[in-house]
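K.L.:
Let the sequences and hints guide you as you build the complete structure.
Listed in order, the protein sequences are those of chains A and B.
Numbers 4 to 527, taken from this note's numbering, label the letters of the first sequence in order.
Numbers 51 to 517, taken from this note's numbering, label the letters of the second sequence in order.
For the record, the hints were derived by calculation from the structure and aren't laboratory data.
None of the hints are false.
SDA-like, lysine to any residue: derived pairs with alpha carbons at most 25 Å apart:
(1) A:Lys509 to B:Glu81
(2) B:Lys333 to A:Glu426
(3) A:Lys300 to B:Gly431
(4) A:Lys346 to A:Ser384
(5) B:Lys220 to B:Pro361
Label-pair ranges, simulated between beta-carbon atoms:
(6) B:Gly366 to A:Tyr54: 31 to 37 Å
(7) B:Gly397 to A:Arg516: 32 to 38 Å
(8) A:Leu303 to B:Gly431: 23 to 29 Å
(9) B:Pro336 to A:Lys27: 43 to 49 Å
(10) B:Leu119 to A:Gln479: 30 to 36 Å
(11) A:Leu502 to B:Val80: 24 to 30 Å
(12) B:Asp217 to A:Arg517: 57 to 63 Å
For glycine and all other residues, C-beta sits at the position ideal for the given N, C-alpha and C.
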Amino acid sequence: MTVLLPLLLVLNQAGPAPAADDGKLPPSLEALFQEKDKEGKLILGDPERTYLKKLPPHTRELIGKDVDALTVGGARHLKALLALELPSQNAAILFSDNCILCHTDPESQKKIHLFSADPKATQSSEILNLKSFVSDVHFRRGLSCSGCHGGSPANDVMTADIAARWPKADVRHTDRTWIPEFCARCHADPAFMRGFNPSLPTDQLSKYRESQHGILLLQQKDSKAAQCVSCHGVHGIRGPKSRQSSVHPQAIPETCGRCHADPKYMAGYKKDDGTPLPTDQLASFKKSVHGKALLEKGDLGAPACNSCHGNHAAMPPKVSSISQVCRTCHSQNGTFFDGSKHKQAFEAHHWPECEKCHGKHEIMKPADTLISDARDGLCGSCHAENAKDNPECNATARYFRSSLLELVASGQKLRPQAEALGERGLDAEPIVASIEELNEAIVQTRARVHTFDRGGFDQGAKLGRDAVAKSEALVQAARNEQRYRRNGLLVSIGLMSLLAVAMGLKIREIGRRRARASQERQGP
Amino acid sequence: MIEAQPEAPASFGERLYRWLDARFGVGKLVEFARHKEVPVGGHSMVWYYLGGTTLFFFTVQLVSGVLLLMYYQPGEATSYESIRYVTAKVPFGWLIRSIHCWSAHLMILSLVVHMFSTMILKAYRKPRELTWLTGFLLFAIALGFGFSGYLLPWNELSFFATAVGTDSVKSVPVIGQWLLEVMRGGPDVTINTLYRFFALHIVILPLLIVGILSGHLIFIQVQGMAHGMAHQRPDRPGLRFFPDFLLRDLLLWLMCLIVLAVLVYLLPYGPGIPGMEWELGKKANPLAPAYPGIKPEWYFLWVYQLLKEFPPHLLGMEGPQAALLVVTVLMGIWALVPWLDRRASRGQPSPMFTDLAIAAIIFMSYLTLKAWDIGGHGVPGKLPDPRSTAWACAWITLGLASVIAVLRLLAYRQRWMYFSGAALLQVVLNGILGMDYLIAGGIALVVAIGGLVVSRREPAPQMGVPR
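P.N.:
Okay, structure coming up:
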């Protein structure tokens, strides 16, 4: 043991220990901690020192050099930058970029050029929000100001090549046609994009050119038409998976609605048939089954505007293609419809398939009672106009409706029965599982309504009826078991009560015997 | 000439008795049993049966527990599943589980009433101090059985209730965190906790209870059942234990069994009161958010509510730590009552300790009612309002306490009510006047101490006056 101990100590000491970081700040940086504001209070304090100490030594050195070079103009400037609490990697990008450093210095910049964490407080533009900028997907990948504006991050003065890639200021703010091509310099270059995100498509520009927005902007020179920055923003662009992104699935309706729900902005735009383009799509969508699923339930699988209209190639789906758009999710219903009698009739009338019955932006959860041959019913209203005096169709509609309502009612009756049996201690799980089978069969049967044929419909309805029969049999079996338990209890209680009475009689008999004996002992 | 009658041959039973007597001297035991008597008079005979009913429910627990053990498999993938299998597939499995759960609660209920009746009747007095102490230990072990058995089905409710229950152990000074990890088998409730609780439930606690229960029963046999106090009604000749008392005991057990059978059939998952329900529900998922409205078993509810009444920090201690200290002190006083109650040990009336038991009933009832949120569910879907709860619970407690006080005054002519009065004062100040629970408790404590001082100056109650 005495030999082992020194050996362990030696082993423990073996190998050079890494140099400890003492967290020391460069002298110029340390000097800023002595700067005071007008009221004589120190501007930088413990929070800033703690943050700086957590940075790697080379980043602290970098900040020290910025202070020496006056690109960090003073304690107030440094405090604003450190308040961003960037991770060390991003802090290194920020402090090696002179563009950012100059344009964040409140002492040297005019308000219209000043980036700040709180643009309202500094009275600068919201697009100069420094917090948004440092979370921009480009900034986080190391692509900073010069990537778009030109120049170099190492420049310490404004050079002629900065903003030279763009039209002059008076043109570029009114004529937006240059923007798609400008973004496409990188985003349409597969070789360049491979270096950042190999899976990102590079066909956005070609799609955009074909889109309604692209046609308006690039062919008709309508700068009101949406281009890249309309949807993605300028500084502070985030990927579609980010919850804060303007192109996150849940944000897309509002992003599109910024223009499409604004009657003033959309005034003058017309549909192919010459009627004004409506602006109620966003309101209708929010009320729809899709809107509720996406925006209220947070189901990201539910469609947003771009799911049907496309994004970079956005275009209203034509009558011929609208049903194909719905089929991307509701494929089974589409397949049933394709094999139905209605297919040919709809084609003959040039009706959009799904939209004819379900609507478009305001699509509601379909109710079984919609299937009706009554004049105001979904089937009846159309048939009265286009295929009246067809008793077979009316009978089929009535059959669909009654079958579905019957299955749903059975499910509604069975569930409380299962719950009640469960509460009484019976095994309700098989009944619940069978009711789930019924619910699945109801979904199948509803889809099979689109066959518009009894035979096709019954393939689903039969599954439902079988599930109802199975559930009812299970309920009956559970009730029999309950009856068996009740009878068992009654018999047991009867036997135990008999035994109790016998014991009671015995106790009384013993009591009387004791009393008699006591009387005999006491004598007459 | 009279011929000698040949002696009738001894029956098998007689021969067996003689055989055993020759070897083990069972004759002495039989003789002891023949002369064993239960005191009559003094007070109602009912209180003598409560120990027996507790023992009966404990026997039911043993039998049903062993039957459950034949199917139960502890483990992350098997605990919940095996209980489901027992209740759904095993013939009469549902019955056995339900009996085990119902009987557990009835056993604790019977035990609590037994303990309070012993306290009020002063049956703990000399020479039965150790009978009281072993009884107190049995009570603690019974609570341990309840706590450890609760987790075994490994369902959502039991998982989170155990997580909350074990968390309070952290408040123990210095060793709290260590104790917590020993209990849980790690920093969190995991399957290791279940293994520990399983071992505790089926091996450690049964071993302990067999030893202590044997002691408790032997003490009762050696000393006999406690007579009424000398100042109460004079004793009459005792009731013979065999077979008179035993038959009555068995009859009561039979009635308990009938009640148990009815409850098991009508309410197989318990009455549905928080802390008294055992529907299996969903399997425990340690990653799921905590089960809403978690409450411990009903007999722990007063401690649970007391923990809630304490602020986060009090007198330099953490709130739960202070609450735990109060509970420990109260339990300590309760365990040491036979040594604290000098008057009873001298055979003198001891109304102060009668009133202490009543005060304990008021104190625990109010907290338990509050923990059940009685009167606080005014708006459906919203959390119960603590103020409305306190208001309603205070009035219920006030009603209960008034009934007890009137009964004590009229039927037993008891007048020493300083402790129960102080406990009721706290209820009124907190529940009806809206004062902070601890401030109300402080005022009540001062009143109780004042009453104690005043009563010390009063002359001792005379013998013959029922107190």
